[in-house]
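A.B. asks: Take these sequences, add in the hints, and give me the full structure.
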Amino acid sequence: MSSEVSDVHDYMSKVLKNYDALRGKNVDLSQIPFWDAVIISASDFNQEKGYELQILKKQKRNELPASIPFHIFSDPPGYKIV
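Per the working numbering, the sequence shown starts with residue 1, numbered consecutively.
Think of the hints as simulated: they come from the structure by calculation, not from any bench. All C-beta atoms, glycine included, are put in the ideal place defined by N, C-alpha and C. Worth double-checking, as some hints may not be accurate.
[Stated by the list, open to error] Below, a list of computed lysine-lysine pairs in the DSS-like style, where the Cα atoms sit at most 25 Å apart: (1) Lys58 <-> Lys17; (2) Lys25 <-> Lys14; (3) Lys57 <-> Lys25; (4) Lys49 <-> Lys60; (5) Lys60 <-> Lys25; (6) Lys60 <-> Lys17; (7) Lys49 <-> Lys80; (8) Lys25 <-> Lys58; (9) Lys49 <-> Lys17; (10) Lys58 <-> Lys14.
[Stated by the list, open to error] Simulated DEER-style distance windows between Cβ atoms: (11) Asp44 <-> Ser6: 20 to 30 Å; (12) Gly78 <-> Asp10: 43 to 53 Å; (13) Ser2 <-> Pro33: 17 to 27 Å; (14) Tyr79 <-> Ser30: 37 to 47 Å; (15) Ser2 <-> Ser74: 15 to 25 Å.
C.D. replies: See the structure below:
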């Protein structure tokens, strides 16, 4: 394994370990670096509602950090590329 790949692997392993420690807990960003918020883009209104439902279920199961806000925004209707 190359040095760069090894570095990425080690970094991502640490990120995932830290994330597991945050699940269901309030995050003190001064102690463990994490996002201030999570922003998700949905392709339409139905996908936005689906994402909201998935996030609510994950929050109830303590699978997401408790103190990080999740925001979902759907694209406006119509063609995406003109």
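A.B. asks: All hints are to be evaluated individually against the structure, with a verdict given for each.
C.D. replies: Hints, one by one, checked against the model:
1. Restraint check for Lys58 and Lys17: satisfied, since their Cα atoms lie roughly 18 Å apart, inside the 25 Å limit.
2. At most 25 Å may separate the alpha-carbon atoms for a hinted pair to count; Lys25 and Lys14 meet this at roughly 18 Å.
3. Restraint check: the Cα-Cα separation between Lys57 and Lys25 comes to about 15 Å, which is no more than 25 Å; the hinted pair holds.
4. Simply put, Lys49 and Lys60 have alpha-carbon atoms about 17 Å apart, close enough for the 25 Å limit, and the pair holds.
5. Simply put, Lys60 and Lys25 have alpha-carbon atoms about 12 Å apart, close enough for the 25 Å limit, and the pair holds.
6. Restraint check for Lys60 and Lys17: the C-alpha separation of about 21 Å stays at or below 25 Å, so the hint holds.
7. Distance restraint check for Lys49 and Lys80: the Cα-Cα separation of roughly 19 Å lies within the 25 Å cut-off, and the hinted pair is therefore satisfied.
8. Restraint check: the Cα-Cα separation between Lys25 and Lys58 comes to about 13 Å, which is no more than 25 Å; the hinted pair holds.
9. A threshold of 25 Å between alpha carbons decides the hint, and for Lys49 with Lys17 the separation of about 29 Å lies outside it, so the pair is violated.
10. Distance hint between Lys58 and Lys14 is fulfilled; the C-alpha atoms sit about 22 Å from each other, no more than 25 Å.
11. The supplied range of 20 to 30 Å is broken by Asp44 and Ser6, whose beta-carbon atoms lie about 41 Å from each other.
12. Distance hint for Gly78 and Asp10: a CB-CB separation of about 44 Å, consistent with the stated range 43 to 53 Å.
13. Between Ser2 and Pro33 the C-beta distance comes to about 26 Å, which sits within the given range of 17 to 27 Å.
14. Distance hint check: the CB atoms of Tyr79 and Ser30 are about 44 Å apart, consistent with the given range 37 to 47 Å.
15. With their beta carbons about 40 Å apart, Ser2 and Ser74 fall outside the hinted range of 15 to 25 Å.
Figure legend: structure checked against the earlier numbered hints; hints not met, in rising order: 9, 11, 15.
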